[in-house]
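Top line first, the protein sequences correspond to chains H and E. All the letters of the first sequence, read from the start, carry residue numbers 1 to 301 under our numbering. All the letters of the second sequence, read from the start, carry residue numbers 302 to 459 under our numbering.
None of these hints come from the bench; they were simulated from the model. Model, not experiment: these values are computed from the prediction. Among the hints, a few may not be true.
Only some residues are given here: those of chain H computed to face chain E with a beta carbon under 10 angstroms [as the list claims (entries may be wrong)]:
no., residue
1, L25
2, V27
3, V28
4, S36
5, D38
6, F45
7, D46
8, M49
9, D57
10, V60
11, Y134
12, L141
13, N184
14, T203
From the three backbone atoms N, C-alpha and C, an ideal C-beta is built for every residue, glycine too.
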Amino acid sequence: MIRLSIPLRQALSKLTFPVMLTLSLGVVLVGRADQSFDSHLHTGFDDLMAPVYALADPPVQALASSTSAVGHLFMLSSENAALRAENARLAQWQAVALALEAQNNALKAALNYTPANPPAAVTGEVVADTGGVYSRSVLVLVPTPASTAPSLVGAVAMDGRGVAGRVIEAGARAARVLLITDINSRIPVALGASGAPALMAGTNGDDPKLLYWSPGNPPNEGDVVLTSAQGGAFPPGLPVGVVHYDSQNNPVVLPFADLPALRLLRLFTYPETLPELTPIPHVAPAARHAPTALQAHHRRH
Amino acid sequence: MFPSVTLLAGLLVLGLPFGLPGQASLRPALAVGCVFFWSIYRPASLPAALTALIGLVLDLLEYTPPGLWAVLLLGLEWLTVALRRQLVPMKFRVIWAVFAGFALGAMALAWAGQSLLCARLLPVWPSALAAGAAIALYPALAAGLIRAHRGPAAVEQG
């Protein structure tokens, strides 16, 4: 290390502060002027941090599962009863689903329906919840090297139940998923059996709100919300959530995806050109009460 | 090195998916609390370059516009260092009250800065929550840091 005289060192230490402040302001301005600088910085940082988070993830998961294991012991009998009831309900649903599948196949055959290309999917582990005060996003480890595969940017992220968000940045090791609850998230959706169009906007709260539904046809409580192909950003018909009116009587969407506790996400890359289809009504007249059951299930979580 | 390393480690640990409610607001709270504490009791241990780096890491973790928290943390450090001669002999309650003012100011500026850079009015409550978390957690944070200040992070070893 170079030895400096004390006055020089003092002068330098007085200088570092304004220099650092100027540099930071410079970063803010450059990031504002050049969005690609911003996204490069984020992607680089995510790629750098992904292995660190991947290392730290198993102990966290072990901790989460071991603490809940103790809790489960005390709730075994009540949980068993709940599971039996759910199983009975699901058995009924299975019959409905099989009947609908048969009907659907018959209708598709009658219409000479050509199925769309299946999407390419990768499954990744959620290693970090890197959302901030004003953002809701998670970091997903991408298992395969992204060099041969098409870019994951724009891929739809789903957990086991429904749409969780979209990939906004993808590096070599990690992809960042903007959740549907983020304040910047705007997703065209189709409501209920009629497929009435609306826009689902994130609020940074738990439940995104519904905007721009047609005034004569307000969303009904318990309507299933599916993605819509309007705008070409999403494929049609992916399950998102159910409509619910909040305490201010504004329609919001209760997401199916378990957004506060995402563990694994499937990232679906759809072909560029999506056919413009009207969303398929998913609610059979025979199962009219179904959304409320789903909603009750959601509320328990 | 101790203050910056522990702060950076803390920020990264808070990024793990624990599923705590309001986990995102804990990161700025931790950063503001630590920078305030070390600027009072050991300003030399947190040079401006490290504060800027911590701010940038916080920006990248929080998904705020890069550089915003770097500017805010540097500003907080500068203000605290300027006032430290008056603050050091004061009672803890007074220091806490001063910190509350600074934390509110920093979060308000973070909200204003983000609203300006996103060119839209963001809701105030997440920032208010973060300020509340910072103020509420400061006594616990300070208790831990004072112990570190006397023990592992003592000047002889730092």
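Status of each hint after checking the structure:
no.: 1; hint: L25; result: holds, 6 angstroms
no.: 2; hint: V27; result: holds, 3 angstroms
no.: 3; hint: V28; result: holds, 4 angstroms
no.: 4; hint: S36; result: violated, 12 angstroms
no.: 5; hint: D38; result: holds, 6 angstroms
no.: 6; hint: F45; result: holds, 4 angstroms
no.: 7; hint: D46; result: holds, 8 angstroms
no.: 8; hint: M49; result: holds, 7 angstroms
no.: 9; hint: D57; result: holds, 7 angstroms
no.: 10; hint: V60; result: holds, 5 angstroms
no.: 11; hint: Y134; result: holds, 6 angstroms
no.: 12; hint: L141; result: violated, 12 angstroms
no.: 13; hint: N184; result: holds, 8 angstroms
no.: 14; hint: T203; result: holds, 8 angstroms
Violation of the numbered hints given earlier is confined to hints 4 and 12; the remaining hints are satisfied by the structure.
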